[in-house]
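Line by line, the protein sequences are chains A and B. In this text, residue positions in the first sequence follow the working numbering: the first is 1, and each later residue adds one. In this text, residue positions in the second sequence follow the working numbering: the first is 415, and each later residue adds one.
Simulated from the structure, these hints should not be mistaken for laboratory data. Since the model is a prediction, treat every value here as computed from it, not as a measurement.
Cut-off 25 angstroms, straight-line C-alpha distance, at most; resulting in silico cross-link-like pairs (DSS-like, lysine-lysine): (1) A/K223 / B/K569; (2) B/K493 / A/K409; (3) B/K569 / A/K164; (4) A/K310 / A/K35; (5) A/K163 / B/K574; (6) A/K368 / B/K475; (7) B/K574 / A/K164; (8) A/K163 / B/K569; (9) A/K223 / B/K574; (10) B/K481 / B/K493; (11) B/K481 / A/K368; (12) A/K49 / A/K316; (13) A/K310 / A/K49; (14) A/K282 / A/K160; (15) A/K414 / B/K481; (16) B/K493 / A/K414; (17) B/K493 / A/K368; (18) B/K481 / A/K409; (19) A/K160 / A/K147; (20) B/K475 / A/K63; (21) A/K395 / B/K493; (22) A/K138 / A/K282; (23) A/K121 / A/K310.
Residues from chain A that face chain B, not an exhaustive set, calculated with beta carbons under 8 angstroms: (24) E92; (25) G229; (26) P369; (27) S377.
Backbone N, C-alpha and C fix where the C-beta goes; we use that ideal spot for every residue, glycine too.
Read off the chains here:
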Amino acid sequence: MRRLLVLFVVALCVVLLAGEVSIWSWRSQDADVWKQVEQELRKMGKDIKINFTAFAPTEYDAKIAVALQTGTGPDIVYSRRLPGGRTQTMIENGLYLPIDEYVDFSNFSETILKSVTYQGKKYGVPFAVQVVGIFYNKDYFDRFKLKEPETWDELVEIAKTLKKNGITPFFIPGREAWALAMQHAMCGVSVLGPEWIKKLIDGETDFLDPKFTDLNRRLNELKVYYQDGFLANSTTDMDAAFAFGQAAMVFYGIWGYQNWKNLNPDINVGYFMVPPVSKDQKPYAYVYMDGAITLTSNVKNLNDSIEVLKFCATPKFGTIFANVTYNIPAVSGAQLPKVPLLEEIVDVYLNHASPYVYWVGSVFVTQKPSLYDDVLSPGMQEMYAGRISPEELSKRAQEAISQWYEPLKKRLGK
Amino acid sequence: MCPSLRAGAFKNWGERAMKVRTKYVLLFTLPALILYSLFVVYPLLDSLALSFYSWKGVGPKIFVGLKNFREMLFGNFSKEVFNAFFHNIYFFSLATVLELGLGFLIAFLLASKLKGAKLFRTVVYMPNMIPLVIVGFMWGLFLNPQIGLVNSFLKLVGLKALARPWLGDPSTALTSIILVNVWRHLGFYVLVILAAILNIPPDLIEAAYIDGASNWKIASRIIFPMVLPTFRTLLILLFIGSFNVFDMVYAMTGVQAGPFRKTDVLGTVFYRTAFGGLGSAYVDMGLGAAVTVFIFAIVMPLSILYVFLVEGRERSW
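Given the sequences, and given the hints that come with them, work out the whole structure.
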């Protein structure tokens with residue numbers, strides 16, 4: 001009995017004396033990742049307790065800004081990618097700390113490291129690469145002998161066949177405007193193509209180019225294949241509807257897969273990039289670096305926090321991360337779960353990522369009015385609701401971005 | 415004893431008592447005063463000061479003078495602000511008609527000794543006890559276009575043509591939110607009006623009955639005029655509530671107040687501007703503070719009026 005008591009006291013002491021590292025994030029789905037990281041660190045003889053807290057994505061940034069300034073923030077936070085006003089401001093004010101001297105970044109590609117680098121220093125360990133595109137229910141495609149489309153017209157034909165057979169072709173979360181902006185952007189990389197987007201960035205073309213309006217028109221015409229009342233649906237509705245086979249296709253990101261599998265382990269999901277207009281064009285995927293795990297100026301337990309960050313830069317972390325979330329880890333060398341979909345997504349990320357984009361990670365979202373928040377998000381909803389024409393959406397983009405984007409101002413002689 | 419000496423003694427005693435009383439009054443109000451200053455006066459003044467700066471929430475505040483107000487009232491931002499402002503007015507108008515109209519009607523029925531009135535009094539107040547976020551979530555499900563209770567019911571009773579994506583249709587989204595808001599708060603208005611009705615001396619109504627007045631005449635000529643002061647108070651509370659509304663819109667259509675800002679109110683404009691939406695959103699706490707000053711400038715005169723009305727009523731009692 002006495003021996004048991006001593007053992008209990010010793011165990012209690014070990015738990016109480018373990019260093020605690022607090023981590024804040026907007027990704028509630030990562031809770032299990034940190035439980036497994038804690039176990040791995042313990043196996044390595046590092047007794048670190050990880051205290052993970054997730055906040056609503058819409059409140060997260062304000063929450064960390066206030067907490068870090070008042071000294072009540074955590075040791076580590078998930079930070080948004082660079083370039084971007086928010087993260088840059090946090091760095092400039094010394095709230096995020098550089099970690100070059102502590103962490104070995106040899107497992108990351110140069111492209112990925114760009115999203116955490118500011119003035120030559122690295123502010124965080126990148127955690128995931130996101131790939132967006134069209135995810136489809138393979139069982140429906142098999143049942144109706146459908147093939148992944150190579151052109152936009154083939155995509156429309158597939159939707160037509162599905163609808164004729166009583167299946168809702170697309171489930172669109174139209175209530176969440178950001179998802180519509182993302183839909184536009186993922187179609188843009190294939191339909192407009194990276195060359196056109198580069199021209200837009202360089203100020204050699206603009207939003208009034210007929211090609212941009214043509215994309216708006218194509219999307220507007222596709223809405224007859226969306227579920228009834230799609231402007232009232234959220235991503236939660238979409239997850240459930242897609243997981244349980246109420247719709248055949250969704251315009252979404254790989255991060256949705258974890259949810260669909262949790263809801264319905266039997267779902268058979270496939271992926272294809274949004275097809276271009278003609279067969280002689282190459283399809284592209286919208287790929288972006290999600291964010292990073294960053295050391296804050298509020299760090300109370302520096303040594304253990306560094307140990308956690310060091311671990312985040314290892315393939316082992318990538319393996320845990322990919323197995324829990326089915327996201328592509330930013331760190332290379334990780335062992336991904338044997339899921340064909342994930343293997344395909346990795347191939348897309350490595351070989352078909354569009355080098356130029358106009359949504360997350362682009363210059364067009366760095367100032368206000370932003371193409372993401374102020375033009376495409378409300379504009380796509382208005383177009384789908386029939387309140388504005390595809391031409392009007394192009395006009396709005398032109399008016400908004402030409403207020404501040406120098407190459408476009410120059411082109412228009414402003 | 416000389417009478418003048420006695421009067422002087424009383425005077426001294428009265429002054430001392432007054433001094434003691436003032437000391438205690440100050441002492442007892444001090445905690446409330448400190449809390450009020452800390453949580454109401456200070457944030458208010460701080461917001462007012464902040465509205466003259468540009469501040470991303472982090473780092474130095476840049477003094478911009480009246481730029482935020484110019485931007486809000488006449489610049490690019492004005493379209494968004496006035497769109498929300500008119501939604502607040504619509505919110506107030508519809509909520510007033512429904513909450514005071516229905517509130518009076520239900521209170522009148524509850525005041526007449528109908529069978530089950532006590533039970534109904536409890537039932538009508540029940541939505542008030544449900545947390546607002548849950549109300550938003552629950553009604554979000556009820557109004558779901560595919561699986562929602564509302565559309566399923568309409569289809570069941572042969573009114574399929576009326577079924578629609580309530581929160582996704584620009585012509586019904588804001589009205590749907592207001593109706594849910596009315597559903598949630600109606601009980602409170604019913605109880606307040608009911609209390610006012612029950613306060614009317616019963617002999618007044620009895621005398622009217624003896625004189626041969628009809629129910630309609632009693633309701634319109636006696637009860638309604640006598641609860642009118644309560645209506646005035648409720649009207650001002652509704653005005654303040656309608657211009658401060660945020661939580662219901664946030665719970666039902668989110669911070670983007672979709673579809674395409676058709677449910678936007680000044681509260682959501684402030685939240686988006688000060689705290690941003692998703693990751694890449696641009697924020698300016700100074701511009702957000704200017705929006706709160708704008709709301710304050712609308713609500714404050716009415717609040718003062720409210721205090722005068724309530725004070726006036728109390729004095730007349």
